[in-house]
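If you read the sequences in order, they're chains Y and U. Sequential numbering from -16 applies to the first sequence in the numbering used here. Sequential numbering from -13 applies to the second sequence in the numbering used here.
No lab work stands behind these hints: they were computed from the structure. Everything numeric in this text was worked out from a predicted model, so none of it was measured. From the three backbone atoms N, C-alpha and C, an ideal C-beta is built for every residue, glycine too. One should not assume that every hint holds.
[Stated by the list, open to error] Heads up, incomplete: computed chain Y residues facing chain U, CB under 8 Å, no partners named: (1) S47; (2) P51; (3) Y54; (4) E80; (5) P163; (6) Y184; (7) K281; (8) T286; (9) R295; (10) T329; (11) I379; (12) E385; (13) A404; (14) M408; (15) H411.
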Amino acid sequence: MSNLGSISAVLFFVLAVNVSIAQQEKSTLIRYATVHVGNGEVIDNAYVVFHGSEISRVSDANKSRINPSDYDTIIDADGKHLYPGFILMDSRIGLIEIDQVKATHDFRETGKFLPNVRALPAFNAESKILRTIRSNGVLMAQIAPNGAVISGTSSLMKLDGDNWQESVFQGDEGIFLEWPSRARMTGWWAEPGKSKENKKYEDQVSEIIQFFAEAKADQALDGHVHANLRFESMADLFNGDQRLYVRVDHAKDILDAVQFFRESGVQNMVIVGGAEADLVINELKENDIPVIIDRVHKLPIHTDDPIEKPYRIAGVLQKAGIKIAFATSGSMETMIGRNLPFQVGTAIYHGLPYEQAIRALSLSPAEIMGVSETIGSIEPGKVATFFLCEGDPLDIRTNQIEAAYIMGKPIDLSNHQSRLAEKFMKKHGVD
Amino acid sequence: MFFLLFQALGQETFPVNGVHDNREVYHAFTNAKIHLSPTETIDSGTLLIQDGRVVSVLAVGTLPGGSVVHDCEGLTIYPSFIDPDAIVEKAEKKKKGKKEDPQTFGASSWNSAIHPERGYKLKAPIPRKLQEDWLAIGYGLLNIHNRDGIMRGTSALIVLGENQPNLAIIKEGVTNHFSFNKGSSKTDYPTSHVGAIALIRQTLYDAQWYGRTSRRKEFNASLEALQTIDSRTTIIQLNHPLSIRNTNEISNEFELPFVLRGTGKEYLVREELNPTGQIIAPLSFPVPYSIEDPFEARMTGLDQLKHWELAPFNMKLLIEAQAEVSLTRDTSKAKEVIQNLTRISNTGVSHSNLLAALTINPARILGLENEISTLHSGKRANFFLSKEELGSESFEVLEHWTNGVQAFKKTITPDQLIGRYNLVIEEKEYAVTILKVSENGIEAEIKSDVSEQKLKTTVKVERELLTVNIWSSDPAILVYSLSGKLSFNQSVWDGRGQNAKGKWISWAAIRDRKYEPQAENEKATKDTLSVPKISFPNCAYGWDSLDENTTFLITNAIVWTCADTGRLKNTDVYVVDGKIKSIGSGQLFPSDVKRIDARGRHLTPGIIDEHSHIGLRGGVNEWGQSSSAEVRMGDALDPWNVNIYRQLAGGVTTAQLLHGSANPIGGQSALVKYKWGRSATEMLIDEAPGFIKFALGENVKRSNRKEDGGRFPLTRMGVEQVFADAFTRAREYDPNERVDLDLEAVQEILDSSRFVTCHSYVQSEILMLMDVADQFDFRVNTFTHILEGYKIAPLLAEHGAGGSTFSDWWAYKYEVNDAIPYNAAIMTKAGVNVGINSDDAEMGRRLNQEAAKAVKYGGLSEEEAMKLVTINPAKMLHLDDQIGSIEVGKDADLVLWSDHPLSVYSKAEKTFIEGVKYFDIKDQAELETQISRERSRIIALMNSAKGKKVTAKSSNPKLYHCDSLEDE
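So that you can see chain Y by itself, here it is in the shape it has in the complex (with noise of 0.2 Å):
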């Protein structure tokens, strides 16, 4: 922790000049790093370079040559690690402080197909939980309603900025439906009850069928006499500007929403959870689906399932050529944000190779949003959103982050509990 402070004051005292223009935006070199560019390469040893928010030159040091006197701050991180911002899916940053006080939810609206409704103006840049998981080097974040049976739009989020305004990345990026399952589980997530068929399986596939029809239908239909809110935020979902995540698990419930999709019209489709997406590769990949793990840390869905195959799942579908990126949803599913990585790292002993899991949490998720030109990797033209590790961020001892830059600017890695822990170890006199 103490090892965090002095860089990152450093630099936001260089960099915290207000710059409008390019040309006379200051540069800034990170010389010797090993990069891990996101994309599944690595440069052992590199030149990064980048001018205001943008990334100018990404180089192999041992194959190029510089002048350190053109940049305006250099910084040697020789033995250290250049990781791309990792980015968190399906998220409630901002949506929901604290999961047993009601007043501080906004993330499930009352209604069915909601498509209308928007994350984005209810996230709060000022949330305490956000603080703790930038901290980690999760610098970008989807954020996403859930609840309802089309939950609602999503949004993709810098973990900075003072309003939702300033925090935007893309906003409406997709939207997010909840499939029906053939079993309906009946508990709550602590304590999942036995599964009860759901009888009303069919009718509700058929409403949602049917509402895309009509959604479809309406783009097409020449003009309104009453406009419909819901149809209209749904156009860009059929011209392949949004996404449809949705929700699901079960093997036969994913045959039938990727059924769905087929027919839709809708133009991409994400799976967010895939329980059991390992069974139904061949579907998704003809249909070049990608999966969105909703959790690596959780337990197997049947009694009789390999003990981890939670961990296992990201490999087998990574080896199957299955794009995948990763949440935490689930209990506690805001604050485990943070643990994001080691989630990731758990399943690289399982079957995930290290440089797929570090593209998984960057350029993958990028592709997803379809924000890769901009974001995802550290390569020329995208934005200078990555940070600086010690040793392995994956790895919980060694996720020791030095400095963490979000489009350029150097983000204070502190927290309101770094802080907790500052004054009372000074209190009772430990270090």
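Following the hints, put chain U in place on chain Y, whose structure we already have.
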């Protein structure tokens, strides 16, 4: 079909309206095979009865004058079956509504689930249809009780066929009935299985006090009734086979023998049955699941699949375990009873054992073996005539006599009609085939050699009369309409009828003896079926057999001793008989010792989880009262919960299984080792010190429930007073007066023979409890969760309390606002003994990762971090002389890791408890294959099974956290 011929007879005390009608004639049943008792059979003899009683059973002999003779050639006579726990009414379910005021239900127990004084009253005769349903499968005597509550009251024994309560009741107050299910009771308490056990025990103690004290003020009908509990058998309904452990303990504690009413799965715990104990097993078996779809099949667990296959073997296995088994019909349909008796018989249960389970064994339970159950002279004449022997597929009751009168007679057995009949009408021949006989009617087809036309036929049978219609392919044309009778054992039909022109004609049909109906089922082989494999436990990941090797040598490991010796490289650890014998390098060992090469691997002590709720059943919160110190979580231990195996895969070997946090004074903990495959008793740590859960804050004041329910306390102010009151009363408690299990446990805290683990969050409440402890002169052993412990760490150290915390949980409730992941490190540095616990089935299996967070947050050394999940919690549990570190003489509870044990890339490869290997990563692939193979084998059997199927249900075990309130 149903006769109540002499129903007015025999009510001796009743005035007669008319002329008296006393019948003294004999009824003689001759030429029958008679099963006098399970062990006495006469191949051809005569049963003579008079006035409702058996006069004699003789092989030969002359009949007395005045006998009505019934020729029973080819038939078998059995004594009527007795159901010792017959279900004739639906069980009461808890109805929603207002809470009961204990004052309003009379001078009985305060708890409305306790009413041992209630007897079963037969107010009106059992409906005829229902009686017939029982009589038709051999049951003549039903022992019935009110199936509601925990101490349910006494039963009445009813004989079927009688229409007046005076005659139908043989005896009231026959047996006592207990259960663990509160039924319709609206008293809050108990809310859990452990609470139900505590309530039974406390009530029995209260009864002892009630009978003994000379100073009681109250009259209590429930306690009064319990004074004579010994005068009859007590039948206890199990809610789970594992509850046998509970009944055995209660039985020993109160010298109260129980007859167990089983669930049908008792074969899984047969070694825990009392030898020579009596058990009532259900005749209902699970219906096959409908699992043709391989994806949907995944919803059914291997344990459910295996039980489907094993259920018919229950009785055989219980008999082998020396139990005296009775059978109860349970809720099965008449047809299922006959099928299931056959299935039991096919497992190799002898005819005599089967008959005993239906007659003398239940009679012995009822204490009426001299009155009923056999056909010896002087006993009640309750018997039936059957076709075929008991256990045969075609066993069928033709007549049933109770109290000496015919109560049931089967007129025609329609399925005997199945076959081909050569029908002759107007000199033309037809072949009529009866294909199927069911409740929906008779399915028949007709063929004719002469007619080109395709014909159809309908056949109806009513008693012994027959109607046959023959139609042409044009449904408007009725070719023949025939009426007739069945004779010569249904092999000949004949009668009169009309042809299409209305002319009356004669007709006849004779059974074609050569015709064999197509077998619907493959005939059950007469060979005794062998018992399918039962694993330990009998579910996925159960062992075929348990590893018993406890002597081995681990070589060249990096050993984290979690003791003063620190981390040792290239070290050998020698385990002998489950204990650590030596630690070092370069020593000589016997050449034949089993060696495990651990080069490059890390060896740590088994991980200890100070706070878990896995492996418990029936609820972890007895929240009905603000103190539930009397409940014992050990009573609810479920060694078959797959999460135990999952924890082993994460290197966890020991845990404290705690009561929840719904009330300030919770229940007594169970300290267990996760010995997967062993019994609950074997998992509990011998002579472990007593622990009890306390709780503070939002959960106990019901902050996060929709309704608070009005239970004291609702504030942190009230919480303090609960403790002040409990300890004050415990100090005054004298067990020589009335035993109070609640105060007894609280008094143990004051005596320092029971230690407190207290759920806590904010500093104010932590300070409060230490303050209370100081006043009452005891020490709070452990604060668990203790997320604000870092704020007052020096005070915790001074008090001597340990802190067992989460690594980084927060933001889930208001009181964890100031929770920080630096907590463990700061408390450690301030001198507190700190542990990191799970309280969660998933996190429990990677506590090594959670410990690593104290390195990241707050900079503990790696060795100190490892201690957070090993020796530190061992100290909290007062087990550090046995476990928690790798030191000579300690239990060989060891984990071999693939890599640095604090790394997310590391995996527990082998986990040992007391030298026995309970997890090996090498076995996983093979186990997974075995599970798939076994599932497929049973699913194939199920899919080929006939009859109704049910939708699969998932068998995921319940997961409990502190907050979990509901039981099943």
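A quick look at each hint next to the structure:
1. S47: Violated, because the Cβ-Cβ distance from S47(Y) to chain U comes to roughly 33 Å (cut-off 8 Å).
2. P51: Given a least distance of 33 Å, the restraint on P51(Y) is violated.
3. Y54: violated (32 Å)
4. E80: This hint holds: E80(Y) lies near chain U, its Cβ roughly 7 Å from the closest one there, short of 8 Å.
5. P163: Interface hint status for P163(Y): violated (15 Å vs cutoff 8 Å).
6. Y184: Check failed: Cβ of Y184(Y) comes no nearer than 12 Å to chain U, outside 8 Å.
7. K281: holds (6 Å)
8. T286: Holds, because the Cβ-Cβ distance from T286(Y) to chain U comes to roughly 5 Å (cut-off 8 Å).
9. R295: Status violated, d = 11 Å.
10. T329: holds (5 Å)
11. I379: OK, holds: I379(Y) within 8 Å of chain U, min 4 Å.
12. E385: violated (13 Å)
13. A404: Nearest chain U Cβ about 4 Å off; hint holds.
14. M408: Constraint on M408(Y) satisfied, holds at 6 Å.
15. H411: Holds, about 5 Å.
The structure fails hints 1, 2, 3, 5, 6, 9, 12 (numbered hints given earlier, in ascending order).
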